[in-house]
Structure formats: C-alpha cells, structure tokens
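Q: Chains as they are written, first to last, in our numbering: chain B, 1 to 325; chain P, 326 to 580.
Honestly, the hints are just simulated from the structure, not real lab data. Just so you know, these numbers come straight off a predicted model, no measurement behind them. Hints may contain errors.
As the list claims (entries may be wrong) - Far from chain P by the CB rule (all over 10 Å, computed), these chain B residues:
{"id": "1", "residue": "K5"}
{"id": "2", "residue": "K74"}
{"id": "3", "residue": "P84"}
{"id": "4", "residue": "M89"}
{"id": "5", "residue": "R100"}
{"id": "6", "residue": "Q145"}
{"id": "7", "residue": "S255"}
To be verified - Derived lysine-lysine pairs resembling DSS-like cross-links, with alpha carbons at most 25 Å apart:
{"id": "8", "chain 1": "B", "residue 1": "K260", "chain 2": "B", "residue 2": "K246"}
{"id": "9", "chain 1": "B", "residue 1": "K96", "chain 2": "B", "residue 2": "K126"}
{"id": "10", "chain 1": "B", "residue 1": "K26", "chain 2": "B", "residue 2": "K10"}
{"id": "11", "chain 1": "B", "residue 1": "K206", "chain 2": "B", "residue 2": "K5"}
{"id": "12", "chain 1": "B", "residue 1": "K26", "chain 2": "B", "residue 2": "K74"}
{"id": "13", "chain 1": "B", "residue 1": "K206", "chain 2": "B", "residue 2": "K247"}
{"id": "14", "chain 1": "P", "residue 1": "K531", "chain 2": "B", "residue 2": "K128"}
{"id": "15", "chain 1": "B", "residue 1": "K135", "chain 2": "P", "residue 2": "K418"}
{"id": "16", "chain 1": "B", "residue 1": "K74", "chain 2": "P", "residue 2": "K418"}
{"id": "17", "chain 1": "P", "residue 1": "K418", "chain 2": "B", "residue 2": "K96"}
{"id": "18", "chain 1": "B", "residue 1": "K132", "chain 2": "P", "residue 2": "K464"}
{"id": "19", "chain 1": "B", "residue 1": "K26", "chain 2": "B", "residue 2": "K208"}
{"id": "20", "chain 1": "P", "residue 1": "K418", "chain 2": "B", "residue 2": "K10"}
As the list claims (entries may be wrong) - What the simulated footprint calls covered on chain P by chain B, stretch by stretch (three residues with Cβ under 8 Å from a Cβ of chain B suffice, anywhere in the stretch; the number is not a length):
{"id": "21", "stretch": "339-346"}
{"id": "22", "stretch": "426-435"}
{"id": "23", "stretch": "450-461"}
Glycine included, every Cβ here is placed at the ideal spot set by N, Cα and C.
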Amino acid sequence: MITVKDLTKKYARTIAVDHVSFEVQKGQIVGFLGPNGAGKTTTMRMLTCFLPPTSGSATVAGFDVLEQPLEVKKRIGYLPETPPLYPEMETAEYLKFVGRLKGLSGSDVNKRVDYVCERCAVADVKTKLLGKLSKGYRQRVGLAQAIIHNPDVLILDEPTAGLDPKQINETRELIRGLAGDHTIILSTHILPEVEQTCQQVIIINKGKLVATDSVQNLQARARGAESVLVEIAGRNGSLDLSVVQKKLEQIRGISRVQYKTSHANRNVFEIESQKGFVRGDLARAVVEAGWDLNELRPAAMSLEEIFLQLTGEEAAQEVAAKGAN
Amino acid sequence: MRNIWIIWRKEWRSYFVSPIAYLLLTMFALIFGFFFWNALGYFVLMGMESQMRGQMFPMNLNEEVIRPLLSNASVIGLFFIPMITMRLFAEEKRTGTIELLATSPVRDLEIIIGKWLAAMTLYATMLLFTALNFAFLFKYGNPDWKPLAIGYLGLLLQAGGLLAIGTFISTLTRNQIIAGAATFGVCLLLWVLEWVSGYETATWAKVLSYMSVITHFESFSKGVLDTKDAIFYLTVIFVGLFFTSRSMESLRWRS
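For reference, chain B alone in the conformation it holds in the complex (with noise of 0.2 Å):
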C-alpha cells in the first residue's frame, strides 16, 4: 500500500530524513518510532504529500506522491500533531467542510459526518465550538475528521500526545478499529503504546532507518540473551552478598550475576543468562545453599530496552530523563 524508497529530506544545514525506505501492506497497523526529532514528522509530511522530498521516491496506493499528489491526497487521511481545527468552527460544521474539501459529494457528506461522529464518539459536541473543546475531543474530532472520506490510507501524528490515560487507551481502541478497514502508519516515542497497537514496527533515529520488523520478531530477536531477576534471602536474616554472587556465578549458563537493590531486606540480583540456563538450576543452588528462594522471575525485555539497545546511548539518556520529569 505504501512504498518507500530512499527518501531523503535536507534542510540548509541538517538532514533530517536520510534514505529511508520500507513498505508497508495493506490492512497493517505500522508504528512508527523514534526519539522526538528523529525525522517522524517529516516521513509523514512527506508521505502526505505535504513536504516534496529532496531525493527518492515514495507511493501510497500505487501513486507517487511527486508525480500524482492529488490522487495521493485522495486516499490519505492525515491527523498532524496538532489537531488541524477551526477554533470558531462547530463540530459537525467543521467535519463537513473537511469532507467537502476532500471531495465528498454533498449528499455523503452528511451520512459520514453522522457516521465518524459516531465512530469517534464526538456525536455528544457536535454544535460545539471546536475552541471551546478539551483536549481529548480535539484529539478525536482531529482523528474524525482524518477518516471522514474513508480513505486507504491512515497518517497519525502522535494521536495520543498530551491525553490523559483513559482517553489514551480510548484513542488506541479506537485506532485498532479501525485497522480492517484502512491501512494505518501512526508515530509515537511511547513505546508501550506500538506493543499494544501495531503489528509492525520501524525505527528510526537522527534520520535513519534503525530496523523494520514485526513486534514479535523484535521482542525475539533482542531476547536472545534473557535475564532474570531472582530475590534471594538469607535464613537467619543476614547474608553475605559475595558469597551468593560467587555461588550464582558458578551456576552453569550464567553469564553475569548483579546486585541490584536490597531494599527493606529484600536482595534482589540480575542474572543474565546464556543457551543451557535451566532456571531449575537456580532455583536448587539458592536452597540447597540454605537461603529462602523469595522470587524467580524472567525480565521480559519491553520494545522499550530493544529501542534503546537499536538507537543507543544518547537515546537511552534521553529517555532518563524524561523518566525523571
């Protein structure tokens, strides 16, 4: 449905997309990912033909978005960052002069302004003004108003930036909705959120195409080494931290043992495990050494730490320190 190739977008200094290309197929939800000015936004204004490209190629639904913009323009329905509304504009008035604009005929205009009020739950401020709504309406009649000419395909912008957690959760529902029916490219630097919502993932970070897989395949790949967190107690109450580490150590398949907190008694290690781990094994060694086994867990690696692994360390600073905030 979407193909890119070699896209590239230069500013008088920087670049902010480099030769990016991947595809996407029909019917799919792709999330795409990246630490904020990773060149997200400009993929997607180019895609929407809203940003001509510097060099390369990019098709939505078989038409180049340099050659054939209308035609791409037709099939695309596109949610910026900022909701694109008319503040002294009513609900339903607004939607309508959106369908119009995108070329709905006058009397479909009015049954799919019925319709995507309904689908994104906006019916109940139809006759309001736009400027007078929250966040989360915006956020929805923006959405209502991408989908208003059923278009292929589906651009959003970070669609659940600066909503509150039940409006999010509201605003991915509604996105999974509506994959059957559009094909969807959604951006975002929440990480949970691509898991919960996308089949498919690319990355990119300073411009460049990181990686491009399913999720699965992702969260696989970057589990190649598991590590387990294990809470280890000593019976009498005290317990001495080297001697367990060298026991941990000896276990066989154990790569790495850390210490990671004994907070309010409780000493927890990190144990990063190789092929042959048999957590059996650990769990024996901690008893037949005579301390309590209190806890045995894997640490499943969240898309979270694969994007930190994929877009390195200035990436992981600056997620700490959004962590922090």
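Got chain B sorted already, so can you dock chain P onto it with the hints?
A: Just chain P, lined up with the frame of chain B:
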C-alpha cells in the same frame, strides 16, 4: 471551481463569526457617510450662493459630489484592506490548519483564489453600504449613473490589487499583526508614491508615480473607463496572486 467555492464559503463565514466583518462594515459605512454628508453640505451651500448672486453656475452632482466621494472611498479603502487580508494565511499557519488545506486534494491556486475572492466579497459588501448614500442622490437629484458604475468598478479593481498584495503578505508570517502592519505600510506607500509627480518630472518620478494605485484611479473617478488603468489593476491582482502561490510553494520547501 467547486473547491474555490468551498474555501470561499469557509472564509466568508469566518469573517462573520468574529466581530471583524461587522466592525469593518460599520466603520466604513460611518466614515463614508460622514464624507457624503460633508460633500452634500458643501454642494448645497454652493447652490444657494449661486442663486443669491443671481448667476447660475453649472452645478453637477457627478462632478461635485460623486467624484470626490469616490476618490475618498478609494483612500479609506487603503486603511481597511490590511484588516481584511491579515488573517487569511497567517492564522492558518499559526493554528496549523494550513496542513489540513495542503494535504487535501485541492490545488494551491484554488485555495488562494477562494480566499482572495472572500476578501473581495467582503470589500464589495462594504461598498454596497456606500451605495445607500448615492441612492439619496438618485431620489432627489438626477445624476448620471454610468460614471458612478465605472467609479465602483475602479474601486473594486483597485481593492482587488491591494487585497492580492495583502494575501501575499499574509503568507509570509504566522503573526496576523505583522501581516496587517506590513500590508498597511505597502498600501500607504503605493498611495503616496504619486506625490513625487508634484515636484519632479524626471523619468524615475514618472515611473514611481505610475506605480501608485491612486494615479490609476483618476480616470475611474471621472467616470472614464481607461483600459490602460484597468490593465494596471488587473496586473497587480495577477502579480499579487502569483506571488502568493509562489510563497505557498516555498512554504512547503522550507517549513
């Protein structure tokens, strides 16, 4: 064609949901009404004087009331035009709605012409209110309607050119105030350029004064349809809209 209409309708409506259209219509009608009242008062005084002296001057409504009023209208127009055009593109750029327009299956030129036509319609509506004043002249006097019609045509053409320039300037910034102030400056400059012809006859002065929008209104206010002047205004409209479309294009390359 349909897209121009859609854009026009949206712009037209947005003029009237904010107070701007009502404000402009009221102010223009008030100021023009005041000029009309003045011109008529002067005209009546002249008439009485000529009667008292016993000698009848040839008194002509067209020459002594309509013509100066049309000239006045063209000058007041210069002050109102920035307020009509300043938000056309600047506001869309500020709120990000330009992205909606630019990613819809609509040509740039259709957007531009739709917006410009909406501005034209608002200006024409402002003129419509001034026609009320002239209606009194027709009720109690007997002026010639043809020069008046040509005068109105001139006003529309002149405004068309300035509105096109204002539309262009509005694409250059996301700040309405800056767009308005810049347009006002350009309008004012295009008005006063004519003054150089008062003391200088060299070629450069002629060129400068030729570029003044007021110079070309002379003939229209007299009720003469001079193709040369009409073509000047049409050229300004064309150039203004052309620059607007270039500017929109470059917006895409830059932003």
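Q: Where does the structure disagree with the numbered hints, that is, which hint numbers, in rising order?
A: 2, 3, 4, 5, 6, 10, 13, 14, 18 and 23
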